[in-house]
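Take the sequences, apply the hints, and build the full model.
Those protein sequence lines, which keep their order, are chains D and Z. Numbering (our numbering) for the first sequence: 1 to 450. Numbering (our numbering) for the second sequence: 1 to 450.
You can't tell identical chains apart in this list, so a pair holds if it fits in one copy or across any two.
Calculated pairs, EDC-like style, for lysine to aspartate or glutamate (alpha carbon to alpha carbon, straight line, at most 16 Å):
hint, residue 1, residue 2
1, Lys162, Asp377
2, Lys5, Asp83
3, Lys5, Glu49
4, Lys5, Asp322
5, Lys5, Glu100
6, Lys391, Asp146
7, Lys116, Glu41
Simulated from the structure, these hints should not be mistaken for lab results. Predicted, not measured: the structure shown is a model, and the values here were computed from it.
Number of protein chains: 2
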Amino acid sequence: MSRPKPMSGFPEFLPAERMVELHALRILTSTFELHGFAPIETRAVEPMEQLARKGEIDKEIYVVRRLQGLNDGLQGLDGDGDDLGLHFDLTVPFARYVLEHAGHLVFPFRRYQVQKVWRGERPQEGRYREFLQADIDIVGQGTLADHHDVEIPLVALDAFEKLHVDLGIPPVVLHVNNRKLSEGFYRGLGIEDPAAVLQRVDKYDKIGPDAVAETLVDELGLAPAQAVQCVALAGIATPDESFVDRVRALGVEHELLDQGLADLAAVVRVAERQVPGRMLADLKIARGLDYYTGTVYETLLQGSERMGSVASGGRYDALASDGRVTFPGVGYSFGVTRLLAPILGRGELTSSRSVPTCVLVAVDSEDTRERALRTADQLRRRGVPTEVAPKADKFGKQIRYADRRGIPFVWFGAGEHDEVKDIRSGDQVAADPQAWLPPAEDLFPRTVRG
Amino acid sequence: MSRPKPMSGFPEFLPAERMVELHALRILTSTFELHGFAPIETRAVEPMEQLARKGEIDKEIYVVRRLQGLNDGLQGLDGDGDDLGLHFDLTVPFARYVLEHAGHLVFPFRRYQVQKVWRGERPQEGRYREFLQADIDIVGQGTLADHHDVEIPLVALDAFEKLHVDLGIPPVVLHVNNRKLSEGFYRGLGIEDPAAVLQRVDKYDKIGPDAVAETLVDELGLAPAQAVQCVALAGIATPDESFVDRVRALGVEHELLDQGLADLAAVVRVAERQVPGRMLADLKIARGLDYYTGTVYETLLQGSERMGSVASGGRYDALASDGRVTFPGVGYSFGVTRLLAPILGRGELTSSRSVPTCVLVAVDSEDTRERALRTADQLRRRGVPTEVAPKADKFGKQIRYADRRGIPFVWFGAGEHDEVKDIRSGDQVAADPQAWLPPAEDLFPRTVRG
Numbered sequence: 001m002s003r004p005k006p007m008s009g010f011p012e013f014l015p016a017e018r019m020v021e022l023h024a025l026r027i028l029t030s031t032f033e034l035h036g037f038a039p040i041e042t043r044a045v046e047p048m049e050q051l052a053r054k055g056e057i058d059k060e061i062y063v064v065r066r067l068q069g070l071n072d073g074l075q076g077l078d079g080d081g082d083d084l085g086l087h088f089d090l091t092v093p094f095a096r097y098v099l100e101h102a103g104h105l106v107f108p109f110r111r112y113q114v115q116k117v118w119r120g121e122r123p124q125e126g127r128y129r130e131f132l133q134a135d136i137d138i139v140g141q142g143t144l145a146d147h148h149d150v151e152i153p154l155v156a157l158d159a160f161e162k163l164h165v166d167l168g169i170p171p172v173v174l175h176v177n178n179r180k181l182s183e184g185f186y187r188g189l190g191i192e193d194p195a196a197v198l199q200r201v202d203k204y205d206k207i208g209p210d211a212v213a214e215t216l217v218d219e220l221g222l223a224p225a226q227a228v229q230c231v232a233l234a235g236i237a238t239p240d241e242s243f244v245d246r247v248r249a250l251g252v253e254h255e256l257l258d259q260g261l262a263d264l265a266a267v268v269r270v271a272e273r274q275v276p277g278r279m280l281a282d283l284k285i286a287r288g289l290d291y292y293t294g295t296v297y298e299t300l301l302q303g304s305e306r307m308g309s310v311a312s313g314g315r316y317d318a319l320a321s322d323g324r325v326t327f328p329g330v331g332y333s334f335g336v337t338r339l340l341a342p343i344l345g346r347g348e349l350t351s352s353r354s355v356p357t358c359v360l361v362a363v364d365s366e367d368t369r370e371r372a373l374r375t376a377d378q379l380r381r382r383g384v385p386t387e388v389a390p391k392a393d394k395f396g397k398q399i400r401y402a403d404r405r406g407i408p409f410v411w412f413g414a415g416e417h418d419e420v421k422d423i424r425s426g427d428q429v430a431a432d433p434q435a436w437l438p439p440a441e442d443l444f445p446r447t448v449r450g
Numbered sequence: 001m002s003r004p005k006p007m008s009g010f011p012e013f014l015p016a017e018r019m020v021e022l023h024a025l026r027i028l029t030s031t032f033e034l035h036g037f038a039p040i041e042t043r044a045v046e047p048m049e050q051l052a053r054k055g056e057i058d059k060e061i062y063v064v065r066r067l068q069g070l071n072d073g074l075q076g077l078d079g080d081g082d083d084l085g086l087h088f089d090l091t092v093p094f095a096r097y098v099l100e101h102a103g104h105l106v107f108p109f110r111r112y113q114v115q116k117v118w119r120g121e122r123p124q125e126g127r128y129r130e131f132l133q134a135d136i137d138i139v140g141q142g143t144l145a146d147h148h149d150v151e152i153p154l155v156a157l158d159a160f161e162k163l164h165v166d167l168g169i170p171p172v173v174l175h176v177n178n179r180k181l182s183e184g185f186y187r188g189l190g191i192e193d194p195a196a197v198l199q200r201v202d203k204y205d206k207i208g209p210d211a212v213a214e215t216l217v218d219e220l221g222l223a224p225a226q227a228v229q230c231v232a233l234a235g236i237a238t239p240d241e242s243f244v245d246r247v248r249a250l251g252v253e254h255e256l257l258d259q260g261l262a263d264l265a266a267v268v269r270v271a272e273r274q275v276p277g278r279m280l281a282d283l284k285i286a287r288g289l290d291y292y293t294g295t296v297y298e299t300l301l302q303g304s305e306r307m308g309s310v311a312s313g314g315r316y317d318a319l320a321s322d323g324r325v326t327f328p329g330v331g332y333s334f335g336v337t338r339l340l341a342p343i344l345g346r347g348e349l350t351s352s353r354s355v356p357t358c359v360l361v362a363v364d365s366e367d368t369r370e371r372a373l374r375t376a377d378q379l380r381r382r383g384v385p386t387e388v389a390p391k392a393d394k395f396g397k398q399i400r401y402a403d404r405r406g407i408p409f410v411w412f413g414a415g416e417h418d419e420v421k422d423i424r425s426g427d428q429v430a431a432d433p434q435a436w437l438p439p440a441e442d443l444f445p446r447t448v449r450g
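What follows is the structure, given as structure tokens:
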């Protein structure tokens with residue numbers, strides 16, 4: 001075949017970039033595990049009827065059919081009669097997993113899940129058709145305590161702090177709001193369709209407060225005074241509990257508003273003490289069409305706010321229900337590809353070498369290759385990533401092989417008169433393959449500024 | 001929704017099982033990295049025309065189409081006009097990746113890749129529609145030295161040895177053959193379609209030598225004497241180079257046979273010295289429809305030979321070609337799901353607990369939850385996976401919460417009069433959250449016999 005072209009919306013990385021992604025994933029998953037989240041994976045496909053329940057997102061679903069079925073004129077329906085689609089998030093499959101396996105789980109159940117998801121969107125800047133998400137959720141059986149609504153962002157901020165320290169990803173601010181607060185406020189104003197208002201307020205950052213007010217009047221028929229109040233609410237953002245007084249000052253009253261204010265204040269109060277400066281009560285956060293019912297989260301990179309939220313989530317009163325038992329949940333999703341692909345694409349982060357290899361064992365002649373294999377094996381047994389040179393070339397060529405891959409050490413005279421050369425400094429010393437170790441910082445590839 | 005039923009052919013694990021799978025994957029990937037293989041991932045979809053090139057496998061492909069396209073009557077074709085399918089192995093996407101990114105890779109290129117693959121097969125015992133594979137390949141630009149044909153099984157056997165020692169997976173024997181040997185032998189017998197013979201010899205273990213000879217005569221029109229010779233060749237299996245004499249004794253001559261014998265002898269000779277007892281020259285190994293051109297590998301679990309090969313591979317003279325440059329390769333694929341799903345399904349391996357958590361910090365009352373959060377944070381900073389109890393229940397209930405998940409330690413009096421209890425022994429001692437560490441074997445969940 002001729003040289004294939006990249007497929008728009010399906011990012012792929014070179015090995016040095018994939019190593020950075022794996023580094024980021026180790027940071028995320030080890031943080032999740034430190035906080036007691038257990039790993040699961042779900043299958044890539046769900047029945048279409050489950051996926052399509054989420055309203056407008058159905059346009060973006062990739063349908064999956066067996067070719068054989070298509071050829072048989074059966075429209076590719078599965079043997080079981082199910083029409084399948086690729087999951088577009090990890091929440092819908094997780095809700096199904098909880099119902100399916102509830103008898104084998106203990107609640108509250110804390111899980112993390114790192115998998116690709118697919119959306120058949122028109123590709124555009126920052127939008128992907130295949131991308132990696134890393135989700136954490138806590139789900140209860142029947143009930144789930146409110147304090148988990150502050151636990152989730154504390155886990156998220158712990159992970160982001162490590163991404164900042166270890167990888168140089170910018171620090172984040174986690175923006176938090178509560179759907180009850182917004183809905184109660186709108187209802188207090190006499191608005192009957194709070195969801196429609198939320199969807200428009202969601203565009204606040206993109207189109208600005210005046211345009212939001214305009215759409216509220218033009219599209220929803222709100223009175224100008226109501227629209228002004230909605231926009232005023234959306235404009236409130238405080239790093240502490242003072243948002244409560246500012247909302248009260250708008251003079252709107254409703255029971256649901258009281259509850260939302262109290263819930264959000266509880267989250268912000270704890271976060272302010274535990275992770276000062278990292279959380280903002282931001283009353284314009286709406287999470288568009290997502291079916292959250294209480295706390296909602298978005299996360300912005302400081303200095304790159306324009307790229308939008310790189311991680312978000314919230315609380316569902318009913319993540320899942322089997323008709324008899326309801327499973328409330330609170331969760332958060334890291335957009336791993338959304339966060340890393342632009343950074344890797346601009347070459348801002350890369351690996352110190354393109355291979356894991358720390359030592360290349362040179363080969364004198366093809367007759368002595370087995371001696372090199374044994375030396376390599378001795379080094380590997382003590383954890384040193386090692387390759388044997390592919391060809392008994394002149395030593396200059398074998399050094400070049402190492403150099404082109406960033407391999408720092410070349411081993412000569414394997415099994416006879418062992419010496420190891422640091423090809424960066426040119427230093428060459430006698431060495432015992434049963435005892436020699438590289439400096440710790442050379443053992444594995446490191447993530448470095450590009 | 002009502003309780004969903006499992007979907008046949010799409011295995012899913014509980015957290016304790018997934019932890020075992022992750023343990024196995026850490027063993028595999030760390031072994032690959034010790035041998036200098038670099039990680040990549042490819043997108044899940046490829047153009048149908050690429051996937052369908054592999055002959056009969058096209059029946060098993062899952063076609064992927066945008067729902068929106070389907071609704072528009074456009075048959076779901078992508079904006080780019082490509083019809084897409086889910087990859088059914090990791091070789092076809094890797095070949096495409098090599099061509100697409102050749103300008104950014106250095107050759108020989110060594111990569112590993114761990115991803116799900118999908119096949120729309122009728123589900124049956126040991127067959128899955130979605131399963132995990134872990135592949136290693138070495139690919140050259142123009143040429144690739146023969147010694148990589150022994151390097152690949154040495155890496156594979158290194159990984160299997162660790163799976164045996166760490167997880168108790170049975171030891172393996174890696175069976176190896178060479179397509180040139182078989183093809184040369186058949187051609188030396190005057191047979192014109194060696195591929196058709198190979199496909200039938202592939203059934204040797206399933207149907208036995210007599211039935212193979214019968215199909216060779218009945219279906220391919222071979223003379224009985226030819227069929228007897230083919231079956232005699234397939235019956236040869238030796239742990240050393242003695243297979244060469246046994247083949248010679250059959251009296252067949254062909255140049256390609258000579259080459260195949262020499263190539264296979266070179267592989268077996270090195271393996272016999274480096275990993276005695278782990279490799280068998282087994283001349284019935286055919287790898288059915290796969291497009292290998294030289295060495296081929298299959299791998300059997302000792303004592304579970306009946307489940308068939310759990311990992312296999314071989315050499316391609318042309319893994320990929322852009323018409324100008326050809327990329328020969330040799331590779332090997334671990335059937336991770338095929339290997340683990342039966343063991344996990346029978347409960348033979350599991351985790352020592354169902355959560356990563358090592359310590360549960362008890363909560364006296366909801367008013368002091370923040371003290372518990374701080375203690376948990378101190379423990380996590382030193383790498384101890386820690387949860388805070390979800391409810392300020394009676395201590396007996398909080399201990400039960402830990403016990404049901406297998407969490408070994410419960411921390412009392414957080415930030416006031418700190419004490420830690422080993423709930424297995426009942427021992428409770430004063431402890432400093434800035435200094436206390438659990439015994440090393442309790443820090444993380446361990447894989448244990450079920």
